[in-house]
Amino acid sequence: MHRRPRSEKKPIPDDQKDEKYYERRKRNNQAAKKSRDARKIREDNIALRATMLEHENAILRAQVITLREEAQCLRHMLIKQQAPSLHSIDRSISSMTPVTLSSSHTTATLDCQI
Numbered sequence: 001m002h003r004r005p006r007s008e009k010k011p012i013p014d015d016q017k018d019e020k021y022y023e024r025r026k027r028n029n030q031a032a033k034k035s036r037d038a039r040k041i042r043e044d045n046i047a048l049r050a051t052m053l054e055h056e057n058a059i060l061r062a063q064v065i066t067l068r069e070e071a072q073c074l075r076h077m078l079i080k081q082q083a084p085s086l087h088s089i090d091r092s093i094s095s096m097t098p099v100t101l102s103s104s105h106t107t108a109t110l111d112c113q114i
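Numbering (full-length UniProt numbering), first residue to last: 1 to 114.
Warning: the hint list may mix true and false statements.
In the DSS-like style, the derived pairs of lysine-lysine whose C-alpha atoms are separated by at most 30 Å in a straight line are [said to hold, decoys possible]: (1) K9 x K34; (2) K10 x K26; (3) K9 x K20; (4) K33 x K10; (5) K17 x K34; (6) K40 x K26; (7) K20 x K33.
If you are wondering where the hints come from, they were derived from the structure by calculation, not from laboratory data. Because the structure is a prediction, the values reported are computed rather than measured.
Given these sequences and hints, build the entire structure.
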């Protein structure tokens, strides 16, 4: 928003200050006060909202930390639980006889002995 430069203030001589002038000044002063009050309310609301959002952000950051720790713990539990079965799979694989390819068909087939 661009503002025009203010024109130079020229005081109005007392002999030109009639009731219309004073009424206009009164309305202008009221409008200026209303505008200042509204701006103050907007600024206060923005500050309050910023404080609330900062608080919410801190809570969410704490939740992220907790959830990451929980995920890490669950990963460790899963690895511990899978370790014995991985060990048995490893033993099974090492006890298998080598794979041979049968050449009796045009497509290769695997003959596995367990």
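query = Between K10 and K26, is the straight-line Cα distance small enough, at 30 Å or below?
reply = With Cα atoms ~18 Å apart, K10 and K26 stay inside 30 Å; holds.
ask   = Keeping to a limit of 30 Å between CA atoms, is the pair of K40 and K26 held or broken?
value = Cα-Cα ~21 Å, so holds.
request  = Take a quick look at whether K20 and K33 sit within 30 Å of each other, Cα to Cα.
outcome  = holds (20 Å)
key: Proposed proximity, K34 with K17 (alpha carbon, max 30 Å)   = Answer holds: K17 to K34 is near 24 Å, not above 30 Å.
inquiry  = Can you confirm whether the C-alpha distance between K9 and K20 stays at or below 30 Å?
reply    = holds (19 Å)
Agreement of K33 and K10 with the hint, judged by alpha carbon distance not exceeding 30 Å = Holds, at about 22 Å.
key: Pair hint outcome, K9 versus K34 [Cα-Cα no greater than 30 Å]   = Holds - the C-alpha atoms of K34 and K9 are around 23 Å apart, at most 30 Å.
Checked against the numbered hints given earlier, the structure satisfies every one of them.
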